[in-house]
Amino acid sequence: MIPEGTPIWTVIFGLALGTFLIRFSFLGIVGDRPLPVWLLRLLRYTPVAVIPGLVAPLVLFPAATDGAPDAARLTAAVVTVGVGLMARNTLYAIAAGALVLYGMFWLGF
Amino acid sequence: MTRFQSRSPVLQGALDAAPFVLVIGPFGMLFGVVATEAGLNLVEVMSLTVLVIAGAAQFAALQQMVDAAPVAMVLATALAVNLRMGMYSAALTPWLGQAPLWKRAVASYLVVDQSYLLTTARCEADPDTPVAHRYAYFFGTMLPITPTWYAATLAGALVGQTIPEEFALDFAMPITFLAMVAPMLKTLPHVAAALTSVGLALALAGLPHGAGLMVAAVAAMVVGAGAEAWLARRGAAA
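Top to bottom, those sequences are chains V and S.
The first sequence begins at 263 in the working numbering and counts up one residue at a time.
The second sequence begins at 321 in the working numbering and counts up one residue at a time.
Quick caveat, the hints were computed from the structure, so don't treat them as lab data.
Do not take every clue at face value.
Unchecked claim - Restraint-style ranges between C-beta atoms, simulated for each label pair:
(1) Arg350(V) / Gly480(S): 41 to 51 Å
(2) Ala333(V) / Ala523(S): 22 to 32 Å
(3) Gly365(V) / Lys423(S): 42 to 52 Å
(4) Ile483(S) / Leu336(V): 21 to 31 Å
(5) Pro467(S) / Asp294(V): 23 to 33 Å
(6) Ala556(S) / Ala325(V): 45 to 55 Å
The beta carbon of each residue, even a glycine, is placed where N, CA and C say it ideally should be.
Taking the hints into account, I'd like the entire structure generated from these sequences.
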């Protein structure tokens, strides 16, 4: 339980304002001023630099199994990436990953 | 993601984002349940979800408040979790920068993992799309996501139960994110960046408040850009 007297509304408004300012930072302030070439080059790699690192711990140490590596989830992740790489299509990759995940659960993994 | 090219960009964005409803729904419900159990009332739960719209940060703030952390610590931790959105904001600027301030402000509120990823992928695949279409697509991606996030949180707060664990919906997020990123691994620098990100994020997973992910992400961007520059120089010399 959250202790009595916690300034909950300060947290709510502080978090709302802070999060908005983070999101607004470049989009709002830089706008259509040109960015330097080296920065654009860095930014091209943002998706492949953030998302794999965000997902890797969730794949290897799922909270649902209390952090124990899980054959079904690992295989599903590998198949998702494999199909995504080969088919270059997000929906096929999601479908393949879900199929493998539930298939392996069904087989008793 | 080009099969619906003839449709309006709003509709195309909404269609591309539709699978993510499977991720957002259970996550929102879980937040509603956990926040209510932690002692927040309905107005407080919904204010957090509507004003912040960033699940991971909301969970972080909740956990810190339950642990009786000082307000400054609660805010610092939760905002650190959201720092990656600063990178998203920067990465979206070349595509969405040419618009009136109010439009950029509204879009800023809606910068989340999914809207950012989908819009970047779409703009990179089709760089000549007019700015108005890019915005239409961006807002389109949030059409299924924003209402699902609000409604799922509300349902979780009211019903107090989430979807049973047998459905393994905890894994919907990793699968959809991997499915989004794999087709983006087009070149050697992209692969090098992704591998750096995975390696460092795992090695630094012990750092508090998502700091490991930020270090991993910045290092991976440098590796990607460095590899690109190196390949370009080698190509020019050959």
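Quick one: are Gly365(V) and Lys423(S) within 42 to 52 Å, going by C-beta?
holds, 45 Å
Satisfaction of the hinted span 21 to 31 Å by the C-beta atoms belonging to Ile483(S) and Leu336(V):
holds, 22 Å
Distance restraint hint 22 to 32 Å, applied to the beta-carbon atoms of Ala333(V) and Ala523(S):
The hint (22 to 32 Å, Cβ to Cβ) holds, given that Ala333(V) and Ala523(S) are roughly 24 Å apart.
Between Pro467(S) and Asp294(V), does the C-beta distance stay in 23 to 33 Å?
holds, 31 Å
Kindly confirm whether 41 to 51 Å is satisfied by the beta carbon distance between Arg350(V) and Gly480(S).
holds, 42 Å
Taking the Cβ atom of Ala556(S) and the Cβ atom of Ala325(V), is their distance within the range 45 to 55 Å?
Roughly 48 Å apart at Cβ, these two residues keep to the hinted range, so it holds.
In this structure, none of the earlier numbered hints is contradicted; all agree with it.
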